[in-house]
Amino acid sequence: MANKILIVDDDVDLRELYKTTLQNEGFDVKTAENGEDALSQIMQDKPELIVLDIMMPKIHGMDTLDIIKATPETKAIKVLILSALSDQKMMDRAKELGVVDYVVKSQSDMSTVIDHIKEALKA
Amino acid sequence: MEAREKNFVVPSDVQNEEQFIFGNLKDINLITAFAAFSAVIITMIAMILVPERIDRNLIVYVLLGTSIFLAIFLSNEKLYLNPRFSYFPDTVFVTAVTINMYAFKEFADFYFIYYIVLIAVDAFALRMRYFIFITIYMLIAVISYNVFFASEFFPSSIIPAKALMHVYSIVIMAVVMRFFASKALSERQEKEKIRRLAENTLSAIKNLRALIDNIGDGIFAVDESRNIYTSNTAAISILGWKKAIINRQINEVMPLRNQDMDIVDPVLKVIETGKPFKSSELIIKNDDEEMKLYINIAPILGPMNKTQGAIVIFRDITKEKEIEEQRMEFVAVSSHELRTPLTIIEGYLYNILNNKKLKYDEETKLFMEKAHKSAKDLQNLITDLLDVSKIEQNKISFDKGIFDVSDIAKEVFDEYERKAKEVRLKLTLNIKNKKIPKINMDRARIKEVFINLVGNAIKYSDKGTIEICVDKIDRSALVSVKDSGIGMSDEDQKFIFNKFYRAENWRTKTKSGTGLGLYITKAIVENHKGKIWVDSKQGVGSTFFVSLPFAKRIARIVSHDTAKGTKKSNVKSKELGKLVESI
Numbered sequence: 001m002a003n004k005i006l007i008v009d010d011d012v013d014l015r016e017l018y019k020t021t022l023q024n025e026g027f028d029v030k031t032a033e034n035g036e037d038a039l040s041q042i043m044q045d046k047p048e049l050i051v052l053d054i055m056m057p058k059i060h061g062m063d064t065l066d067i068i069k070a071t072p073e074t075k076a077i078k079v080l081i082l083s084a085l086s087d088q089k090m091m092d093r094a095k096e097l098g099v100v101d102y103v104v105k106s107q108s109d110m111s112t113v114i115d116h117i118k119e120a121l122k123a
Numbered sequence: 001m002e003a004r005e006k007n008f009v010v011p012s013d014v015q016n017e018e019q020f021i022f023g024n025l026k027d028i029n030l031i032t033a034f035a036a037f038s039a040v041i042i043t044m045i046a047m048i049l050v051p052e053r054i055d056r057n058l059i060v061y062v063l064l065g066t067s068i069f070l071a072i073f074l075s076n077e078k079l080y081l082n083p084r085f086s087y088f089p090d091t092v093f094v095t096a097v098t099i100n101m102y103a104f105k106e107f108a109d110f111y112f113i114y115y116i117v118l119i120a121v122d123a124f125a126l127r128m129r130y131f132i133f134i135t136i137y138m139l140i141a142v143i144s145y146n147v148f149f150a151s152e153f154f155p156s157s158i159i160p161a162k163a164l165m166h167v168y169s170i171v172i173m174a175v176v177m178r179f180f181a182s183k184a185l186s187e188r189q190e191k192e193k194i195r196r197l198a199e200n201t202l203s204a205i206k207n208l209r210a211l212i213d214n215i216g217d218g219i220f221a222v223d224e225s226r227n228i229y230t231s232n233t234a235a236i237s238i239l240g241w242k243k244a245i246i247n248r249q250i251n252e253v254m255p256l257r258n259q260d261m262d263i264v265d266p267v268l269k270v271i272e273t274g275k276p277f278k279s280s281e282l283i284i285k286n287d288d289e290e291m292k293l294y295i296n297i298a299p300i301l302g303p304m305n306k307t308q309g310a311i312v313i314f315r316d317i318t319k320e321k322e323i324e325e326q327r328m329e330f331v332a333v334s335s336h337e338l339r340t341p342l343t344i345i346e347g348y349l350y351n352i353l354n355n356k357k358l359k360y361d362e363e364t365k366l367f368m369e370k371a372h373k374s375a376k377d378l379q380n381l382i383t384d385l386l387d388v389s390k391i392e393q394n395k396i397s398f399d400k401g402i403f404d405v406s407d408i409a410k411e412v413f414d415e416y417e418r419k420a421k422e423v424r425l426k427l428t429l430n431i432k433n434k435k436i437p438k439i440n441m442d443r444a445r446i447k448e449v450f451i452n453l454v455g456n457a458i459k460y461s462d463k464g465t466i467e468i469c470v471d472k473i474d475r476s477a478l479v480s481v482k483d484s485g486i487g488m489s490d491e492d493q494k495f496i497f498n499k500f501y502r503a504e505n506w507r508t509k510t511k512s513g514t515g516l517g518l519y520i521t522k523a524i525v526e527n528h529k530g531k532i533w534v535d536s537k538q539g540v541g542s543t544f545f546v547s548l549p550f551a552k553r554i555a556r557i558v559s560h561d562t563a564k565g566t567k568k569s570n571v572k573s574k575e576l577g578k579l580v581e582s583i
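From first to last, the protein sequence lines stand for chains A and B. Read in order, the letters of the first sequence are residues 1 to 123 in our numbering. Read in order, the letters of the second sequence are residues 1 to 583 in our numbering.
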């Protein structure tokens with residue numbers, strides 16, 4: 001059974017790219033464009049991994065993460081942060097909240113991102 | 001400065017050889033002319049009263065002299081103003097007095113006093129040569145009178161005793177008066193010197209004042225109690241200070257804070273340590289208004305190098321900082337915007353190359369690979385350029401924390417061990433010293449440094465082992481990355497840390513990378529007060545060394561919690577780091 005992954009990112013082109021790439025790797029991929037959308041999708045159909053961007057309109061990524069980790073039904077879902085921000089404080093806070101990994105977009109090419117996602121699913 | 005500004009006229013230098021206490025040359029000549037004239041008048045009166053006592057020759061002599069004297073006196077002003085002119089009336093005067101002293105022996109005392117008085121006046125006019133001349137002349141006059149007019153030829157009592165006594169007394173009196181007169185003159189000269197010095201000094205101060213008032217930077221001078229005693233107009237206008245400023249505490253006028261908004265007192269530190277405070281960006285918060293300043297503080301040293309106060313020079317950089325921040329924001333946003341399409345390009349090229357369903361020939365595949373590689377290179381370049389721009393503007397900030405350098409080395413080793421194996425290289429980790437004190441630095445950045453060095457080692461090696469070595473020297477941790485790769489020439493070693501410099505792989509004749517990696521690495525290391533250097537031999541291999549100084553005051557704390565895993569200790573060490581820094 002293919003792993004279910006939810007990609008949350010405000011940029012439509014990036015969403016499409018990650019969806020295409022991960023589907024090519026054999027994953028079952030859904031996308032959400034913001035935190036609200038993501039949360040409602042999660043409640044209906046729990047993914048195994050959430051790939052979460054931080055800089056998003058409406059609800060900030062970290063707030064979405066807070067909610068996911070605070071809700072009993074969803075707190076067990078693995079979350080991987082995929083963000084342009086490389087701020088140490090942000091990374092520490094994310095780690096504190098229990099994310100599986102924090103991948104900085106600007107420092108990683110697609111191959112690296114895929115590797116991290118695969119590693120996260122194994123963890 | 002609330003000093004009174006007086007309008008001083010700097011006098012022109014008096015260049016005359018002879019100094020006069022009273023008046024000028026004209027006045028002096030007038031006085032001597034008066035003296036001579038009065039002597040002549042008295043002689044003439046005497047001649048009228050007691051004609052039998054006067055020698056006819058003498059009358060001729062005196063009248064002749066007087067007329068010549070009057071002629072010159074009244075005619076040519078240039079001659080008259082000549083300092084040497086006064087010799088003439090003096091001569092007339094002396095002759096007249098001498099004659100009278102002899103003709104009217106009983107009035108000799110009167111003439112004697114009269115002469116003394118005029119000598120005194122001349123003494124204070126102070127003309128030494130003339131002075132000596134007079135006394136010598138007196139002697140000659142007396143002797144010659146006696147010789148040629150009074151007696152036959154040098155009789156034994158040639159010079160009447162009383163006359164001689166008079167002459168001697170006059171000479172002595174003249175010398176004594178000269179002495180007192182010269183004292184008076186030198187005092188007057190001293191006062192004159194002091195007055196001129198004061199004038200020049202005040203004039204210089206005026207000019208300096210005008211200069212510092214025209215400087216755009218604010219300037220304060222404080223005494224050792226940090227009270228302001230001098231300020232320039234810029235200082236007051238920059239701070240918008242409306243009240244009196246002299247004798248106020250500088251902290252009242254300029255309450256400074258650092259970037260973290262903590263109250264700081266660099267002026268106090270400068271006065272206490274005697275060491276200058278080199279420019280920094282500090283903030284003043286006055287009534288909710290924030291102002292950013294660039295400040296320089298230098299101690300004022302007094303005798304025996306004791307600090308007597310300080311000079312504070314500052315500039316308002318609020319606007320500049322705003323502009324800079326906007327610029328940084330622009331750079332950050334632009335690079336972010338640049339990255340998104342690049343991610344798309346790289347991502348889809350990756351997809352094309354990794355999609356098993358797509359079919360294309362070898363040539364297409366090659367083209368795609370080349371394009372893909374370039375896309376990745378561009379991604380790296382943007383990241384590096386952003387870093388370089390931060391470094392150049394000194395904007396690069398570090399999240400410092402206390403950690404163990406061995407931990408970082410191990411992390412990098414773990415991440416790259418596999419990658420090294422993929423290209424048939426062996427990566428090893430050698431921790432030579434287990435008891436290495438912790439360092440207080442930006443963990444992510446230091447890790448970047450090691451990643452860069454290991455990455456380079458892998459890139460420039462085609463065989464052999466790459467060894468990561470962790471040791472300590474002096475008060476620093478020493479990490480080295482040694483490879484047995486292609487090495488580099490002495491030329492390369494000189495420039496290897498420069499921007500965009502890439503050593504040529506002399507085997508494959510290619511260059512790879514952005515050329516910025518080592519530049520950024522060096523900047524990170526040096527910003528943490530560490531050192532980086534290379535030892536390499538072409539064809540043999542290279543070793544890069546990085547020394548990182550231990551955290552201060554913690555040098556004795558040896559890692560005892562490294563076993564606990566990095567997640568929690570990271571957070572803890574950060575808190576600890578903050579605590580340590582605030583000590």
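If you're looking for bench data, these hints aren't it; they were derived computationally from the structure. Every value quoted in this text rests on a predicted model; they were computed, and no experiment measured them. Treat the hints with caution; some may be incorrect.
The calculated lysine-lysine pairs, modelled on BS3-like cross-linking and capped at a C-alpha distance of 27 Å, are [to be verified]: (1) B:376 with A:118; (2) B:419 with A:95; (3) B:400 with A:89; (4) B:357 with A:118; (5) B:552 with A:19; (6) B:356 with A:19; (7) A:122 with B:357; (8) A:30 with B:400; (9) A:118 with B:321; (10) B:552 with A:89; (11) A:118 with B:421; (12) B:357 with A:4; (13) A:19 with B:370; (14) B:321 with A:89.
Simulated restraints on C-beta separations [to be verified]: (15) A:73 with B:464: 50 to 56 Å; (16) A:63 with B:504: 26 to 32 Å; (17) A:66 with B:247: 52 to 58 Å; (18) A:10 with B:290: 47 to 53 Å.
Note that the Cβ used here is the ideal one computed from N, Cα and C, for glycine as well.
Evaluated hints:
no., hint, verdict
1, B:376 with A:118, "holds, 21 Å"
2, B:419 with A:95, "holds, 26 Å"
3, B:400 with A:89, "holds, 11 Å"
4, B:357 with A:118, "holds, 21 Å"
5, B:552 with A:19, "violated, 49 Å"
6, B:356 with A:19, "holds, 16 Å"
7, A:122 with B:357, "holds, 26 Å"
8, A:30 with B:400, "violated, 39 Å"
9, A:118 with B:321, "violated, 44 Å"
10, B:552 with A:89, "holds, 23 Å"
11, A:118 with B:421, "holds, 21 Å"
12, B:357 with A:4, "holds, 22 Å"
13, A:19 with B:370, "holds, 24 Å"
14, B:321 with A:89, "holds, 24 Å"
15, A:73 with B:464: 50 to 56 Å, "holds, 54 Å"
16, A:63 with B:504: 26 to 32 Å, "violated, 51 Å"
17, A:66 with B:247: 52 to 58 Å, "holds, 56 Å"
18, A:10 with B:290: 47 to 53 Å, "violated, 33 Å"
When each numbered hint is compared with the structure, violations occur for hints 5, 8, 9, 16, 18.
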